[in-house]
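Chemist: Mapped onto the numbering used here, the consecutive letters of the sequence shown carry residue numbers 3 to 168.
You may find that some hints are simply not true.
Each computed DMTMM-like pair below joins lysine to aspartate or glutamate, with the alpha-carbon atoms no more than 25 Å apart [stated by the list, open to error]: (1) Lys100 / Glu125; (2) Lys67 / Glu156; (3) Lys67 / Glu89; (4) Lys127 / Glu165; (5) Lys127 / Glu38; (6) Lys71 / Glu165; (7) Lys100 / Glu129; (8) Lys127 / Asp101; (9) Lys60 / Glu89; (10) Lys67 / Asp103; (11) Lys60 / Asp103; (12) Lys65 / Asp78; (13) Lys106 / Asp80; (14) Lys71 / Glu136; (15) Lys65 / Glu129.
Derived from the structure by calculation, the hints contain no laboratory data.
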Amino acid sequence: MNRLKSERGSSTVLISLFLLSLVIFAVVSIVTSAQELKLARRNAETNKVYYTLDAEGKRFLYKVKSAVKESLNSMDNDPESFFSILESNLGSDVIIRKDPDGLKVIIERTIILTVDSYNRHLEVKIEVSQPNDESRINDICSVIEWRLWNEPFEYKNTIDLWEGNP
């Protein structure tokens, strides 16, 4: 008896399995690259917010140092009037806490940036000590706190179920 052999089917099956595996790997690579793009965008947004807050903090530090410089120039060898002149130069958007000894003040400011319905905060505290005759601005001002933090996340504990009424 002669057996009938067909050798066309096995090569077709191998080619179709090879094409199927290529399609699966292509889909996996597209999904992976889309997830990496999403992660890169989220990372870029986080860095943008961080550097925006950092720039605002540096502007505040520059504002305090320029107010200290103006106070040094206008105190006329009266160190007691330095802090009152400094307070008037800074304005009302900062919190000023005086040391009980009267030798230092701590200037505080919280900068808030709202991103996607949640807040990010930067707290800056600068200590300004009373100057003497040879004081420089960097000797008088020192940053004692530069803290970036996020507002605590709160879960919604309510379950929104449809009651059946239109």
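Chemist: Would you mind confirming whether the straight-line C-alpha gap from Lys100 to Glu129 stays at or under 25 Å?
Modeler: Measuring from Cα to Cα gives roughly 10 Å; hence the hint holds.
Chemist: Are Lys67 and Glu156 close enough, with their CA atoms no more than 25 Å apart?
Modeler: violated (38 Å)
Chemist: Is it true that the CA of Lys60 sits at most 25 Å from the CA of Asp103?
Modeler: violated (29 Å)
Chemist: Quick one, are Lys71 and Glu165 close enough, alpha carbons at most 25 Å?
Modeler: violated (67 Å)
Chemist: Does Glu89 sit within 25 Å of Lys67, going by the straight-line distance between their CA atoms?
Modeler: Cα-Cα ~12 Å, so holds.
Chemist: Has the given pair, Lys127 with Glu38, been kept, meaning a C-alpha gap of at most 25 Å?
Modeler: Violated, at about 38 Å.
Chemist: Taking 25 Å as the top limit, are the C-alpha atoms of Lys127 and Glu165 close enough?
Modeler: At roughly 52 Å apart (the allowed maximum being 25 Å), Glu165 and Lys127 break the hint.
Chemist: Does Glu125 sit within 25 Å of Lys100, going by the straight-line distance between their CA atoms?
Modeler: holds (18 Å)
Chemist: Would you check the hint for Lys67 and Asp103, treating anything up to 25 Å between C-alpha atoms as holding?
Modeler: Status holds; Cα separation ~22 Å.
Chemist: Does Asp78 sit within 25 Å of Lys65, going by the straight-line distance between their CA atoms?
Modeler: Roughly 21 Å between the alpha carbons, so the hint for Lys65 and Asp78 holds.
Chemist: For a C-alpha distance cap of 25 Å, please report whether Lys127 and Asp101 respect it.
Modeler: Between Lys127 and Asp101 the Cα gap is close to 14 Å, so the pair holds against 25 Å.
Chemist: Is it true that the CA of Lys65 sits at most 25 Å from the CA of Glu129?
Modeler: Since the Cα atoms of Lys65 and Glu129 sit roughly 14 Å apart, the hinted pair holds (cutoff 25 Å).
Hint compliance for this structure: hints 2, 4, 5, 6, 11 are not met, and every other hint is.
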